[in-house]
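*Asks:* Residue numbers (this note's numbering), protein chains in the order written: chain A, 1 to 269; chain B, 270 to 487; chain C, 488 to 705.
Among these hints, one or two may not hold up.
Claimed, not checked - Listed next, the in silico BS3-like pairs over lysine-lysine satisfying Cα-Cα at most 30 angstroms (straight line): (1) Lys640/C / Lys665/C; (2) Lys522/C / Lys167/A; (3) Lys435/B / Lys653/C; (4) Lys581/C / Lys640/C; (5) Lys669/C / Lys422/B; (6) Lys581/C / Lys522/C; (7) Lys590/C / Lys372/B.
Quick caveat, the hints were computed from the structure, so don't treat them as lab data.
The residues making up each chain are set out below.
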Amino acid sequence: MAEFRIPVPAGADLMQPYPVKVPQFEGPLDLLLHLIRKNEVDLRNIPVADICRQYHEYLVLMQELDLEVAAEFLYVEALLVHVKSQMVLPRAVLPDGTPQEDPRDELVRRLIEYRKYKGVAETLHEMEALRLGLWSRPPARLEASEAEAEETDLSEVSLFDLLTFFKGALDRYRSAHPPSLEIAHQKYSIKEKMEDMLARVRSGGGPVPLSDVFRGLAGRAEAIAVFLAVLELLRLRVVRARQEAEFSDILLESTGEDVTLEGYEESYR
Amino acid sequence: MSGELENPGSPPSPGPSAPPAHVALVEALLFASGKPASVERLVEASELTAAEVEAALEVLERALEADARGVRLDRVAGGARLVSRNEFDVPVRKLLGLEGKNKLSMASLETLSIIAYRQPVTAPEIAELRGVNSASSLRTLLDKKLITTAGRKEVVGTPFLYKTTKEFLVHFGLDDVKDLPKPEDLDALYGVETNTSQTELFPGEPEEKEKEEDPSDG
Amino acid sequence: MSGELENPGSPPSPGPSAPPAHVALVEALLFASGKPASVERLVEASELTAAEVEAALEVLERALEADARGVRLDRVAGGARLVSRNEFDVPVRKLLGLEGKNKLSMASLETLSIIAYRQPVTAPEIAELRGVNSASSLRTLLDKKLITTAGRKEVVGTPFLYKTTKEFLVHFGLDDVKDLPKPEDLDALYGVETNTSQTELFPGEPEEKEKEEDPSDG
Chain A
1 MAEFRIPVPA GADLMQPYPV KVPQFEGPLD LLLHLIRKNE VDLRNIPVAD
51 ICRQYHEYLV LMQELDLEVA AEFLYVEALL VHVKSQMVLP RAVLPDGTPQ
101 EDPRDELVRR LIEYRKYKGV AETLHEMEAL RLGLWSRPPA RLEASEAEAE
151 ETDLSEVSLF DLLTFFKGAL DRYRSAHPPS LEIAHQKYSI KEKMEDMLAR
201 VRSGGGPVPL SDVFRGLAGR AEAIAVFLAV LELLRLRVVR ARQEAEFSDI
251 LLESTGEDVT LEGYEESYR
Chain B
270 MSGELENPGS PPSPGPSAPP AHVALVEALL FASGKPASVE RLVEASELTA
320 AEVEAALEVL ERALEADARG VRLDRVAGGA RLVSRNEFDV PVRKLLGLEG
370 KNKLSMASLE TLSIIAYRQP VTAPEIAELR GVNSASSLRT LLDKKLITTA
420 GRKEVVGTPF LYKTTKEFLV HFGLDDVKDL PKPEDLDALY GVETNTSQTE
470 LFPGEPEEKE KEEDPSDG
Chain C
488 MSGELENPGS PPSPGPSAPP AHVALVEALL FASGKPASVE RLVEASELTA
538 AEVEAALEVL ERALEADARG VRLDRVAGGA RLVSRNEFDV PVRKLLGLEG
588 KNKLSMASLE TLSIIAYRQP VTAPEIAELR GVNSASSLRT LLDKKLITTA
638 GRKEVVGTPF LYKTTKEFLV HFGLDDVKDL PKPEDLDALY GVETNTSQTE
688 LFPGEPEEKE KEEDPSDG
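If we strip away everything but chain A, and leave its shape as in the complex, we get (with noise of 0.2 angstroms):
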């Protein structure tokens, strides 16, 4: 358990500090065997609505200090409200004649399973502390040209090493291979749309709508190839585009200029 020291607020009496120590916790059980065992009550025994009652007070300090409270506290907090209301009621008594178990029995449950861990925790804290001078040799290498090859047991690796590897692969080779219009660019030539747009336009069939031009197409890229053929004809004046009323589709028509792509050089590089 932590504590930490709230500082004096600006315009305080500097004369009489105040300091408010207030113990942090690992989480609302390691708060409640605090209070249990600042309270001197049995585990076995916990006057609930007591207990209940200053946990309540915590949490309302926690938030006066604008500390935020963690839903799991609050979880408790209610747990804790509803076993106090069911020890008011008489305890049935099952048909078999023994007594319905008690309403703090599952909290108690938990609260010794999480005691023993918590113990654990502080032996291994222990532990720990006895052994973070000692350093370890690097191992010797076979052959100099390992030198630099760091290699990890396999037993180390967890499965989330190997999405994070395949990650760092991925992610280098996107950073390696940018995606988007480029790759576009390279696939559908705006030039090549640009001459089977006219080819339709030109075929006598009557005039294209704008909403056809985009039907049947690969995807985005190759849609962006076309968007751009059109709008270059359009500058170039070989292709005009009408619409009818307002909302309604775009129509695409031969302006009757006799132009020839040839030599033609695209501009979207």
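Position chains B and C against the provided structure of chain A, taking the given hints into account.
*Replies:* Structure of chains B and C alone, referenced to chain A:
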């Protein structure tokens, strides 16, 4: 003890003995390995018998302790390794340009304790036992290679299972996870205080409840 | 020579002398260093004087020679290091070879991860993704039975397809490669945690530091 008084200059050695050549060989092996080497490994590499290796290890261990030496034998993770002595932590770090090793937080230690005793165990099970989400502790422990994954549990959500590693044993100086205090000892150590003073409000309560370990039935 | 005869049990030392604490300190430093350390660096780390370090080195050198030990002091340009004795080369190599059996390089692990997630996959595809030829990693993984071939791909050159093995699944405790973690799983573990009370009191230093070679001495 000791039938070896042929060297009058040396203090009487009460411990086991081994030919100096065996001790030197085992020292060379441990020195080169860096990691804890098991007796089986040392036997395989040295072509000595297991008993000879054991004897050499013991002689080496005592020799390193007796003289004011810079290294000592560390028996850990089912094997032995050489480590620099604790007291030289600061100069060693200065030479290597390393910061001090950080202690694990209590949150991580609690999480690790649960994994050590209940392995393989899932994150939801750990959260249930601790009463708090333990993802950041799991991350720390995975990063430090003190735990690793052990597949998935076949329950709803197929959560990942976690277990401790050899590095866990090395970190805490354990020979085996079995060397942790047993659950029964834990009950005695950290469990319920005997309820002698307790007024039996609910006399029908079975006493065994106190020792119960399974929280999942709650 | 030797003004130190206060210990009547020890043989008279004909060489230079140094306080045992200095010798132990220098031994610890050379041990942990792994590579040659210059006298200047030893001075800096130990806060002894250059003369004291020199004396300690000499005493250590003699002590290692006199006692038929497994390691010896190797004086190299401007410094010294500890090395295992040449006569133990064969067993030392044998041990390192045995220990290397369970080890994988970062390159091999990356290759393994690509095969695990993209299987079946060809060597050219792996090379394309990694940006380097991965033939030696593939050989290592095949040797360790973590991957195997899965026929040939019907493209130019009909390259072999690779997939992970049953041993791979057993090692990672999985029933099926479909159970490999997905990016969401990693996010759940490494994402922002809701529970602020859980923040690590001692933010983690990667444990690998322990084994890390001196980075400042590249």
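*Asks:* Could you run down the list of hints and mark each one as holding or not?
*Replies:* Now the hints, each set against the structure:
1. Of the supplied pair hints, the one linking lysine 640/C and lysine 665/C holds, its CA atoms being roughly 22 angstroms apart against a limit of 30 angstroms.
2. Of the supplied pair hints, the one linking lysine 522/C and lysine 167/A is violated, its CA atoms being roughly 34 angstroms apart against a limit of 30 angstroms.
3. This hinted pair checks out: lysine 435/B and lysine 653/C have alpha carbons roughly 24 angstroms apart, not beyond 30 angstroms.
4. Between lysine 581/C and lysine 640/C the alpha-carbon distance is near 40 angstroms, which puts this suggested pair outside the 30 angstroms criterion.
5. For the hint pairing lysine 669/C with lysine 422/B, the CA-to-CA distance comes to about 16 angstroms; that is within 30 angstroms, so the pair holds.
6. Of the pairs offered as hints, the one joining lysine 581/C and lysine 522/C holds, with about 21 angstroms between alpha carbons and a cut-off of 30 angstroms not exceeded.
7. Taking the CA atoms of lysine 590/C and lysine 372/B, the gap is about 28 angstroms. The hint holds against a cut of 30 angstroms.
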